[in-house]
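Chains as they are written, first to last, in the working numbering: chain A, 297 to 655; chain B, 20 to 537.
Simulated from the structure, these hints should not be mistaken for lab results. Glycine included, each C-beta is placed from N, C-alpha and C at the ideal position. Relax, there's no trap hidden among the hints.
Straight line, CA to CA, 30 Å or less: simulated DSSO-like cross-link-like pairs of lysine-lysine:
1) A/K541 / B/K419
2) B/K116 / A/K303
3) B/K382 / B/K49
4) A/K502 / A/K466
5) A/K589 / B/K419
6) A/K526 / A/K502
A few chain A positions that, by computed beta-carbon distances, are all more than 12 Å from chain B:
7) V344
8) P350
9) A383
10) S433
11) K466
12) A493
13) F637
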Amino acid sequence: MAWTLTKDDVERIAIGAGILGTGGGGNPYRGMVRTKLEIEQGRVLQLVTLDELPDDALVVPMGGMGAPTVGLEKLGSGDEGQRGVEAMQEYLGVKIAATIPIEVGGGNSFAPLIAAGRLGIPTIDADGMGRAFPEGSMITFYFDGHASSPIVMTDAVGRKVIIENAKNSKDLERISRAACVQMGGSAMVVDAPFTVAQLKKVAIPKTMTFAHRIGDAVLKAQAEGSDPVKAVCDVSNGQLLFSGKITDVDRRFERGYNFGRLTLLGNDEWSGEQATIDLQNEFLILRIGGEIKAIVPDLITMVDAERGTPITTEVVRYGLRVKIIGIPAPEQLTTETALKFVGPPAFGYDLPYTPLKRA
Amino acid sequence: MKLRLGIDVGGTNTDAVILDEKATLIARFKSPTTSDVSSGIRNALNGLVQNNPDLDLSAIKFAMLGTTHCTNAVLERRNLNKVGLVRVGAPSTLAIKPFVEWPDDLREAIDGRYVIVEGGFEYDGQETRPLDEAAVRAAAESFRGKVESVAVSGAFSPVDPSHEQRAGAILREVLGDEIPITYSYEIGSVGLIERENAAILNAALVNAAKVAAGGFQEALAAHGIDARLFFSQNDGTLMALEYAIRYPILTVASGPTNSIRGAAFLSGLQDAIVVDVGGTSTDVGILVKGFPRESSIAVDVAGVRTNFRTPDLLSIAVGGGTRVTNDNGLQIGPASVGYRLLTEGLIFGGNTLTLSDIAVADKRASFGDPSKVAHLDADFVKQVTEEVRRMCEDAVDRVKTSAAPMPIILVGGGSVVIPQDLAGASQVIRPENYDVANAIGAAIAQCSGEIERVFSLQEMTRDQAIELAKKLAIQEAVQAGADESTVQIIDIQEVPLAYLPTNSATRIRVRAAGDLAI
Numbered sequence: 297m298a299w300t301l302t303k304d305d306v307e308r309i310a311i312g313a314g315i316l317g318t319g320g321g322g323n324p325y326r327g328m329v330r331t332k333l334e335i336e337q338g339r340v341l342q343l344v345t346l347d348e349l350p351d352d353a354l355v356v357p358m359g360g361m362g363a364p365t366v367g368l369e370k371l372g373s374g375d376e377g378q379r380g381v382e383a384m385q386e387y388l389g390v391k392i393a394a395t396i397p398i399e400v401g402g403g404n405s406f407a408p409l410i411a412a413g414r415l416g417i418p419t420i421d422a423d424g425m426g427r428a429f430p431e432g433s434m435i436t437f438y439f440d441g442h443a444s445s446p447i448v449m450t451d452a453v454g455r456k457v458i459i460e461n462a463k464n465s466k467d468l469e470r471i472s473r474a475a476c477v478q479m480g481g482s483a484m485v486v487d488a489p490f491t492v493a494q495l496k497k498v499a500i501p502k503t504m505t506f507a508h509r510i511g512d513a514v515l516k517a518q519a520e521g522s523d524p525v526k527a528v529c530d531v532s533n534g535q536l537l538f539s540g541k542i543t544d545v546d547r548r549f550e551r552g553y554n555f556g557r558l559t560l561l562g563n564d565e566w567s568g569e570q571a572t573i574d575l576q577n578e579f580l581i582l583r584i585g586g587e588i589k590a591i592v593p594d595l596i597t598m599v600d601a602e603r604g605t606p607i608t609t610e611v612v613r614y615g616l617r618v619k620i621i622g623i624p625a626p627e628q629l630t631t632e633t634a635l636k637f638v639g640p641p642a643f644g645y646d647l648p649y650t651p652l653k654r655a
Numbered sequence: 020m021k022l023r024l025g026i027d028v029g030g031t032n033t034d035a036v037i038l039d040e041k042a043t044l045i046a047r048f049k050s051p052t053t054s055d056v057s058s059g060i061r062n063a064l065n066g067l068v069q070n071n072p073d074l075d076l077s078a079i080k081f082a083m084l085g086t087t088h089c090t091n092a093v094l095e096r097r098n099l100n101k102v103g104l105v106r107v108g109a110p111s112t113l114a115i116k117p118f119v120e121w122p123d124d125l126r127e128a129i130d131g132r133y134v135i136v137e138g139g140f141e142y143d144g145q146e147t148r149p150l151d152e153a154a155v156r157a158a159a160e161s162f163r164g165k166v167e168s169v170a171v172s173g174a175f176s177p178v179d180p181s182h183e184q185r186a187g188a189i190l191r192e193v194l195g196d197e198i199p200i201t202y203s204y205e206i207g208s209v210g211l212i213e214r215e216n217a218a219i220l221n222a223a224l225v226n227a228a229k230v231a232a233g234g235f236q237e238a239l240a241a242h243g244i245d246a247r248l249f250f251s252q253n254d255g256t257l258m259a260l261e262y263a264i265r266y267p268i269l270t271v272a273s274g275p276t277n278s279i280r281g282a283a284f285l286s287g288l289q290d291a292i293v294v295d296v297g298g299t300s301t302d303v304g305i306l307v308k309g310f311p312r313e314s315s316i317a318v319d320v321a322g323v324r325t326n327f328r329t330p331d332l333l334s335i336a337v338g339g340g341t342r343v344t345n346d347n348g349l350q351i352g353p354a355s356v357g358y359r360l361l362t363e364g365l366i367f368g369g370n371t372l373t374l375s376d377i378a379v380a381d382k383r384a385s386f387g388d389p390s391k392v393a394h395l396d397a398d399f400v401k402q403v404t405e406e407v408r409r410m411c412e413d414a415v416d417r418v419k420t421s422a423a424p425m426p427i428i429l430v431g432g433g434s435v436v437i438p439q440d441l442a443g444a445s446q447v448i449r450p451e452n453y454d455v456a457n458a459i460g461a462a463i464a465q466c467s468g469e470i471e472r473v474f475s476l477q478e479m480t481r482d483q484a485i486e487l488a489k490k491l492a493i494q495e496a497v498q499a500g501a502d503e504s505t506v507q508i509i510d511i512q513e514v515p516l517a518y519l520p521t522n523s524a525t526r527i528r529v530r531a532a533g534d535l536a537i
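All chains should be modelled from the sequences, with the hints used to inform the complete structure.
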């Protein structure tokens with residue numbers, strides 16, 4: 297059944313998407329506010345499952361590209377996504393039946409909803425990451441090695457760039473990122489359409505409802521005064537991996553990404569223990585006492601110790617009191633093929649993927 | 020001899036202190052805070068004068084006020100100006116309109132109206148669209164007679180403020196020289212919504228700030244005091260009165276900062292944990308190089324999101340008036356008799372058991388009538404003391420950033436209720452005059468400047484950008500009243516812009532502070 301989102305739903309998805317964002321994906325606040333405004337203006341934002349559309353219906357993946365800091369100032373014109381989808385329809389001479397998020401993590405969960413709401417079409421309750429990752433090649437839709445062609449990029453002042461026939465996804469990433477910088481550091485990207493039948497094979501299903509369930513658990517726990525971290529673990533098959541405070545933030549900037557390592561000092565059960573987290577826009581590896589406890593693509597997420605709300609890599613800071621939750625990666629990310637794109641070596645680590653120990 | 024007067028308006032008390040040139044305390048007075056604030060300041064000053072007949076008032080050359088006046092105006096939606104906003108940022112910011120997620124009653128209280136005009140900049144300083152001057156003029160016309168104060172915001176104005184400035188000049192042409200104008204780039208950092216919100220609140224507070232400043236001036240004038248006047252601001256430094264009238268929003272969170280700075284001064288320590296105990300609650304903060312460590316979380320002012328930084332504090336429900344019950348097991352707080360301690364506490368002849376009574380029964384403090392608590396069971400007193408100790412030790416542990424013991428400074432009128440031997444502390448100090456640490460914090464405050472901007476690295480190197488940011492921060496500090504020879508850079512933070520190629524832009528924040536130019 298198609299599910300029409302309320303403003304309360306949007307808030308829950310924002311919190312859940314922040315947690316699934318594993319430190320990346322940008323701050324969901326602005327995306328959430330924009331989406332709520334759409335609902336206030338009477339637009340209908342609908343989520344449907346892949347089973348609810350015919351197999352030959354066309355669906356476009358989409359999401360924002362650019363530096364989160366730019367998004368703090370350039371709030372967007374509001375119609376970037378709509379213009380992008382319309383341009384894709386016109387360029388290919390097809391009718392797009394729905395949109396789908398490339399990632400359910402941080403702010404990118406909302407762009408497809410806003411565009412679809414303005415076009416009067418639904419958004420698919422699924423995505424291509426089940427979390428957030430830093431690169432376009434890390435989307436399950438492209439694990440067969442093909443690069444999306446064409447893609448449409450739109451910006452807040454009405455400009456439009458179409459890129460076709462890139463050699464591979466790295467090539468596409470390079471060209472689109474260069475265009476993004478020239479467009480003022482932020483752009484909306486609409487990928488070439490997939491059929492519903494294709495997406496059934498490659499998309500990670502029901503991730504928007506998963507985000508919603510996590511956000512709902514956090515808000516309920518906050519309202520009841522119970523432990524929000526436990527609530528998150530309960531609904532996500534997750535486990536509390538560490539509790540402590542950040543004692544050192546070593547952040548550097550290379551190739552357009554935030555790299556770094558955080559050091560944490562444990563409390564409660566981990567009193568006296570030291571943990572480190574490697575990050576590349578997202579949190580990638582958690583070590584406790586030097587031993588790896590969780591590694592990408594499993595989700596390593598950091599939340600405020602009291603409130604259970606997500607903490608992004610941009611705001612991590614000396615002295616923050618946090619808890620680290622490990623959530624097993626969706627199975628689509630842990631196949632042999634998938635690990636070539638999103639396993640530890642894809643981030644430059646000569647380390648094997650060791651799945652989270654089941655609690 | 021030049022004297023300084025420090026006044027702190029707190030939730031319970033308004034404290035006044037006089038310091039000499041060497042910052043030695045030579046007079047002090049505590050008086051209850053009043054609902055209109057100004058009369059509380061007058062009372063404190065009257066008390067100070069009556070109790071110190073030898074004081075040479077003409078020697079007071081500087082007067083510093085830490086006040087909740089503007090905070091209360093926003094919280095209570097009282098005495099706020101009607102505000103019109105011009106945002107320079109169409110079409111690139113249209114997706115989120117001004118006043119988003121504001122409490123309805125606050126927006127109504129300021130009759131908030133806005134116009135978004137074409138213009139604004141990119142992160143690297145390129146103009147997105149030229150400023151639509153005709154639209155600014157039309158907005159100004161539509162504000163005529165309807166607004167008392169205007170605010171101007173613009174996309175990436177911290178990188179290039181020229182569109183905001185030009186829009187302000189047009190507003191001034193149309194609305195006249197008297198209309199107060201708040202520029203967002205002057206008061207906030209990167210983050211359009213938060214900076215714009217702060218600018219709107221600031222514009223709304225212009226009257227309230229004038230009232231507070233006027234009350235302060237009158238109270239001083241009534242005693243013939245002719246001094247330079249300052250307000251303390253959120254980061255624990257001072258603003259000259261004329262500056263504070265223009266930027267009242269910068270005073271809304273000055274209270275906790277003053278107590279941490281006062282504790283630093285009284286103890287002589289630069290790095291320590293400060294435990295500030297009031298009547299109802301205890302704030303635990305951390306002092307790093309003489310300044311409070313700031314929170315990383317965006318600050319909410321009366322339900323409105325801003326991006327001010329305030330001290331990172333942990334509050335627990337332990338205070339001098341905190342109620343202790345033992346009906347269904349031991350219960351300490353969060354209920355408190357607050358300022359009614361002086362009538363309701365056992366040691367003052369009342370019927371309510373409070374932490375102050377426990378401290379007197381435990382002989383850690385001597386005030387009130389100790390015979391009124393002589394009946395308390397020694398084991399029970401010990402049990403309560405241990406529980407308070409546990410609550411404090413836990414709070415201290417949570418703000419510490421390393422396991423190594425640190426000095427703890429106890430300040431605030433209620434601090435007698437805290438046991439002196441706390442775990443995790445290398446030493447626990449309750450300095451002399453601990454109970455007027457806030458007012459002292461206001462009196463000894465430095466003048467500061469802060470700059471936070473996105474610097475494009477197309478035309479300068481990263482090091483040049485940092486040098487430029489330092490220079491701008493120092494200029495700001497000197498403008499705020501600092502003696503240039505004492506100005507130091509106290510913090511540099513850099514956040515590179517993720518997802519953009521290396522070396523294209525970086526966000527730098529620098530704070531500088533120096534002693535008041537005397």
